[in-house]
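Peer 1: Here are the chains, one letter per residue:
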Amino acid sequence: MSSEFDTEQSEAAARQRPLSPIDMLVPALIFVFCGIVTYLALHLDTAPPIVVGDAMQPRSFPMFLMALIALLNAVLVWQLTAGAYMPRVSQPPATWITMALMIVFYTLTTYIDLFVALIVVIFTMCLVWGERRVWLAGLVSLITPFSIFLLFDLVLRIRFPRGVLTNLYYG
Amino acid sequence: MTEAIVAMASVMTDPYLLLLIFLTTIVGVIIGALPGLGATTGAALLLPFTLTMEPVHAIAVLATIYCAATFAGSITAILINTPGTSAAAATCLDGYPLAQRGEAGRALGIAVVSSTIGGLFSVIVLAIAAPMLARVAYEFRPPEYFALTLFGLSMLASISAGGAVKNLMGGLFGVWLATIGADKSTSIERFMFGNDNLYEGLHFVPVMIGLFAMSELLIQSTRLNQIVETVAMKAVQLPTMADYKKIWKTILRSCGIGTFIGILPAEGATVASMIGYSEARRWSKNKEEFGKGAIEGIAGAEAANNAATGGAMVPTMVLGIPGSGTTAVILVGLMVHGLRPGPYLFTQQVDKVYAIFGAMFVANLMFLVLGLYAAKLFARVSLVPTAVLWPIVFALSVIGAYALNQSLQDVWIVMIFGVLGYFMRRFGFAVAPVAIGLILGEMVETNLQNSLKIFDGQWWLIATQPLAAFFLILSFLGLCGPALYGWITKRRA
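Residue numbers (our numbering), protein chains in the order written: chain G, 16 to 186; chain F, 8 to 500.
Source of the hints: derived by calculation from the structure; they are not laboratory data.
Be aware that a few hints might be false.
[As the list claims (entries may be wrong)] So the derived label-pair ranges between C-beta atoms look like this:
1) F:Q416 <-> G:Y184: 16 to 26 angstroms
2) F:D203 <-> G:G68: 25 to 35 angstroms
3) G:W150 <-> F:R387: 20 to 30 angstroms
4) G:W150 <-> F:G345: 38 to 48 angstroms
The beta-carbon is built from N, C-alpha and C at its ideal position, and this holds for glycine as well.
Input sequences plus hints: build the corresponding full structure.
Peer 2: Below is the structure:
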């Protein structure tokens with residue numbers, strides 16, 4: 016389902032509570048982001064006037080964008096103080112574990128093998144997301160990477176990065 | 008015109024393309040029937056699979072997914088009260104109550120027929136309107152293009168998800184993402200942090216897969232305890248003559264509404280279906296039936312959301328401005344396959360353009376057949392366990408992102424944008440504006456820079472060009488329209 020449904024659910028809950036400093040966390044992070052990007056833009060190289068002509072320096076456009084975002088963020092803060100809502104987020108453990116699995120995927124892909132990483136992540140994700148049949152999780156975690164590998168290698172002619180498993184195939 | 012009709016009909020003489028459309032329609036209906044996997048996510052996931060295809064076949068696949076998945080969202084909306092796509096949310100309002108009364112087959116029949124009529128109508132409008140708009144677009148120079156892209160961004164203020172301010176912030180953030188890499192005119196590196204792989208900027212495909220597919224995966228991880236109750240259905244029934252008499256005006260009205268809303272940059276099937284539904288209610292003689300299983304409600308929403316598909320392709324192909332999240336992915340597909348969207352597409356590669364339109368036309372007919380005869384089967388797809396489905400989506404996302412440039416960096420980009428998209432959505436920001444902003448970003452900056460060169464740095468002279476001024480006024484209305492409308496409504500109340 017799309018985001019508007021999440022927003023609607025959060026909205027109903029959020030409207031029942033008063034505004035707290037934590038609601039200002041997101042706008043505060045956005046202001047910090049704008050500040051960092053503007054700082055980085057200010058330190059970009061300057062193009063010689065003969066190249067730029069009457070147009071803008073490469074730093075100007077991102078700075079202009081950040082100014083606009085900051086302005087809109089100020090409007091958002093005003094809306095929040097005027098009774099608008101900011102959805103309060105509480106993540107279930109499965110979400111945090113799924114995010115952690117992405118880091119596991121990155122580590123395994125970098126140091127061992129892309130397909131080993133896929134097998135481990137798919138298997139763990141199936142179990143974390145509530146699949147009680149371990150055999151099914153195992154089957155899915157083996158069949159999916161194998162099918163994808165065959166499809167991409169044989170049909171789409173995609174060469175995968177070398178690793179423990181792919182070395183067995185590529186030789 | 009004859010050339011166009013011949014090019015559209017050429018689809019029928021290409022058995023491989025017909026087979027591809029048929030198979031993709033099945034995939035599209037399955038994707039649409041799975042809650043969470045909408046047309047946008049489906050198109051983003053399938054984009055890497057089209058890499059080795061000819062451009063026409065590749066875009067036909069993506070366009071077919073768009074049409075089929077938009078329709079299929081209604082299957083789960085009617086049978087399990089969960090819209091497969093956000094565009095089918097309005098269909099739930101009357102589709103599910105009708106199904107609960109034991110008339111699920113009738114509800115699905117009306118949804119299929121209305122969707123098909125809406126889809127076919129919009130493809131015809133697309134085939135007629137796109138070349139006309141292309142002729143106008145020949146006159147566009149950098150100031151006009153700059154004003155037009157500004158109009159596209161301003162329309163983000165009124166899309167359904169998120170609020171106007173949040174959507175605009177998302178759009179501007181997307182535009183900023185487009186500045187990453189070497190500046191096109193000066194080659195000065197921006198925000199690359201020493202990573203040479205970013206020299207040409209962020210690749211669109213991994214960003215799209217991250218924002219749409221990976222963020223949806225994380226959203227789904229918060230809904231693991233949802234219980235789905237399915238309404239029993241015997242078979243899909245075609246509407247009776249009495250039904251047609253009741254809904255034909257609604258369908259026609261929604262065809263017009265959907266196509267018009269679809270043509271507006273950044274608006275899409277979701278907005279179209281909401282307006283189609285509310286207009287159906289407003290003009291109905293039986294308002295009290297709405298919300299309790301009114302067939303006009305189903306027809307109004309479904310004809311409008313499928314009519315928006317063809318409409319949304321008009322600005323996408325003629326101007327390079329995506330009409331919705333899904334067309335943003337299709338636009339990326341066009342670029343990946345070397346078809347540069349814009350008015351010249353209609354003179355230099357007219358046969359390809361019309362073959363794509365023809366494919367959309369055929370796709371609409373195919374989902375009519377599939378919807379009537381296999382909806383019951385497709386409804387079962389929604390019962391696939393989440394714990395099995397989404398890990399597979401994860402694998403398809405990362406491998407799909409890798410496949411385009413055979414770069415692991417693209418895989419990391421998918422994950423970064425997946426997490427970013429997830430938190431954006433949890434805090435009420437929609438992700439489609441970021442995708443649209445990213446696509447429009449280069450157009451905005453390049454055309455602004457070129458306009459400044461034309462007018463010797465006097466930017467205000469952009470507004471002296473009649474067409475540019477027209478788009479700037481529209482942009483102002485796009486930005487202030489929702490606020491003005493709210494203020495007027497409040498005063499009336």
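Peer 1: Would you mind marking each hint as holding or not holding in the structure?
Peer 2: Each hint, compared with the structure:
| no. | hint | in the structure |
| --- | --- | --- |
| 1 | F:Q416 <-> G:Y184: 16 to 26 angstroms | 23 angstroms, holds |
| 2 | F:D203 <-> G:G68: 25 to 35 angstroms | 28 angstroms, holds |
| 3 | G:W150 <-> F:R387: 20 to 30 angstroms | 22 angstroms, holds |
| 4 | G:W150 <-> F:G345: 38 to 48 angstroms | 46 angstroms, holds |
Going through the hint list in order, the structure satisfies each hint without exception.
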